[in-house]
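Colleague: Chain by chain, the residues:
Protein chains: 2
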Amino acid sequence: MKRKVEVCFSPAIFGTQHRDDQVVVVVDIFRASSAICYAFANGVQEIIPIEDVEEARRYKEDGYLVACERKGIKADFADFDIGPENFTPDVVLGKTLIYSTANGTKTIQKAALCKRVVIGSYLNLTALANWLVRQDSDVIILCSGWKNRFCLEDSVFAGALVEQLLRTDRFTAKCDSALASLDLWAMAENDLLGYIEKASQRGRLRNYKMDSSIKLCHTLDLAKIIPVLKSGKLVAES
Amino acid sequence: MKRKVEVCFSPAIFGTQHRDDQVVVVVDIFRASSAICYAFANGVQEIIPIEDVEEARRYKEDGYLVACERKGIKADFADFDIGPENFTPDVVLGKTLIYSTANGTKTIQKAALCKRVVIGSYLNLTALANWLVRQDSDVIILCSGWKNRFCLEDSVFAGALVEQLLRTDRFTAKCDSALASLDLWAMAENDLLGYIEKASQRGRLRNYKMDSSIKLCHTLDLAKIIPVLKSGKLVAES
Numbered sequence: 001m002k003r004k005v006e007v008c009f010s011p012a013i014f015g016t017q018h019r020d021d022q023v024v025v026v027v028d029i030f031r032a033s034s035a036i037c038y039a040f041a042n043g044v045q046e047i048i049p050i051e052d053v054e055e056a057r058r059y060k061e062d063g064y065l066v067a068c069e070r071k072g073i074k075a076d077f078a079d080f081d082i083g084p085e086n087f088t089p090d091v092v093l094g095k096t097l098i099y100s101t102a103n104g105t106k107t108i109q110k111a112a113l114c115k116r117v118v119i120g121s122y123l124n125l126t127a128l129a130n131w132l133v134r135q136d137s138d139v140i141i142l143c144s145g146w147k148n149r150f151c152l153e154d155s156v157f158a159g160a161l162v163e164q165l166l167r168t169d170r171f172t173a174k175c176d177s178a179l180a181s182l183d184l185w186a187m188a189e190n191d192l193l194g195y196i197e198k199a200s201q202r203g204r205l206r207n208y209k210m211d212s213s214i215k216l217c218h219t220l221d222l223a224k225i226i227p228v229l230k231s232g233k234l235v236a237e238s
Numbered sequence: 001m002k003r004k005v006e007v008c009f010s011p012a013i014f015g016t017q018h019r020d021d022q023v024v025v026v027v028d029i030f031r032a033s034s035a036i037c038y039a040f041a042n043g044v045q046e047i048i049p050i051e052d053v054e055e056a057r058r059y060k061e062d063g064y065l066v067a068c069e070r071k072g073i074k075a076d077f078a079d080f081d082i083g084p085e086n087f088t089p090d091v092v093l094g095k096t097l098i099y100s101t102a103n104g105t106k107t108i109q110k111a112a113l114c115k116r117v118v119i120g121s122y123l124n125l126t127a128l129a130n131w132l133v134r135q136d137s138d139v140i141i142l143c144s145g146w147k148n149r150f151c152l153e154d155s156v157f158a159g160a161l162v163e164q165l166l167r168t169d170r171f172t173a174k175c176d177s178a179l180a181s182l183d184l185w186a187m188a189e190n191d192l193l194g195y196i197e198k199a200s201q202r203g204r205l206r207n208y209k210m211d212s213s214i215k216l217c218h219t220l221d222l223a224k225i226i227p228v229l230k231s232g233k234l235v236a237e238s
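As given, the protein sequences belong to chains A and B, one line each in that order. The first sequence runs contiguously to residue 238 in UniProt numbering. The second sequence runs contiguously to residue 238 in UniProt numbering.
No wet-lab data here; the hints were simulated from the structure. Small disclaimer: the values here were computed from a predicted structure and weren't measured. Each hint can be trusted.
If you anchor each label on the Cβ, the simulated ranges turn out as follows:
(1) B:Glu51 with A:Leu192: 40 to 48 Å
(2) A:Lys233 with B:Ala186: 38 to 46 Å
(3) B:Glu54 with A:Lys233: 47 to 55 Å
(4) B:Glu51 with A:Lys2: 33 to 41 Å
(5) B:Arg204 with A:Lys115: 23 to 31 Å
(6) A:Ala112 with B:Gln135: 42 to 50 Å
(7) A:Gln45 with B:Gly72: 47 to 55 Å
(8) A:Arg70 with B:Arg206: 43 to 51 Å
(9) B:Ala112 with A:Asn130: 46 to 54 Å
(10) A:Arg134 with B:Lys60: 50 to 58 Å
(11) A:Asn190 with B:Lys71: 40 to 48 Å
(12) A:Pro89 with B:Arg206: 52 to 60 Å
Calculated cross-link-like contacts (lysine-lysine; reagent style DSS-like; alpha-carbon spacing at most 25 Å):
(13) B:Lys115 with A:Lys147
(14) B:Lys174 with A:Lys147
(15) A:Lys147 with B:Lys147
(16) B:Lys110 with B:Lys233
(17) B:Lys198 with A:Lys4
(18) A:Lys4 with B:Lys147
(19) B:Lys4 with A:Lys147
(20) B:Lys198 with A:Lys174
(21) A:Lys174 with B:Lys71
(22) A:Lys115 with B:Lys147
(23) B:Lys198 with A:Lys2
(24) B:Lys106 with B:Lys71
(25) A:Lys110 with B:Lys147
(26) B:Lys209 with A:Lys174
(27) A:Lys174 with B:Lys147
(28) A:Lys115 with A:Lys233
(29) B:Lys147 with A:Lys106
(30) A:Lys71 with B:Lys4
(31) A:Lys147 with B:Lys106
(32) B:Lys71 with A:Lys4
(33) A:Lys74 with A:Lys110
(34) B:Lys2 with A:Lys198
(35) A:Lys215 with A:Lys71
Each residue gets a CB set at the ideal place from its N, CA and C atoms; glycine is no exception.
Throw the hints in and build the complete structure from the sequences for me.
Modeller: See the structure below:
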């Protein structure tokens, strides 16, 4: 029997939609899930997602490498904002990274209701689809959205992942949000960056002068790793 | 300055998305909002939306005309299930109708946070767009979804309404859910019933043998009235 893949468009809906036995793929294309995948691609040892800014500050005081940003501004104590471009091999190789953002890290905490939590982005799309096929579970793709609201870039990515899973013939997608994601992906895939131009978060990043992330966040299959949440830390599987 | 039209894909998101000064359009294509518009088209005097089944039962005991359904089954005490086809002129003309369903009536209660609440469906699409243009407010289209989850038929309708409003040049749509709705509507509009075939609620109605509602719920501009919520009751404006 085929396994089910669902899409959840908002953390606010997740509580009523998820089942404990699902693998949940956390998506925050702009920029948490992309940045986390990029850091692992470049050899980071582990990433600790932190919701609370003060907790992130304490980690910095203890000598950790810290990425922390709120409302488009890097926290004064932090080493980096949360954009993927910060996490080059010379900076992260073999290190522990503390990663704190309002949206993406909150979603990871919420996802922890499920059996397994993994991080998905265009950067590890194909590796992730292959990994999900090897698990023996239904899948739910949890879009971080923005302040609990639907967002385009996460939903389009969800469609890309659903499509890859359906192509393996091991999965079936019946929930309306998965079907809508597939249709949005079909509209976007031939000109992904062009399509995403209209997304609200695209505009916010432009205002914050953080445009450099956009292209990197939409780079396909740069990484073969799957960031998996284990005891509150993200570590790489492949 | 142009007014804003937004779309909210789930009552679970509404709390963080709405503003009190918006007009909210409640949508539940299968079947509450379609049925309510159809009943007004056929001369119902007023409709009282009721969430609680026991309260609906008490109205019946007091001699009211009652539509009440849960999980695809008409309540034993009720006159009708909640399908629009029940509300023909010979039945509803000049009457007060009690209308109780799990999903749609709950959404109406939630919507009451906003300045004005109106009911939208394909049956009153053009009249509704014209009415919204005449109001001096931003608009939020609240999709009932299903158990707080995203649903296709409501979202596609939201796209149809957003498109009509944009065409008047009085509105602008910037939120991602409005933009996604527009794209879904663009995919669906040339074969609306065909597109909706894949919707989960379409399948549920088939299982309940309630297929007769489908076409009626997608009939364009049958009604020129706008059901407006006033002191807990829906009455018609035009």
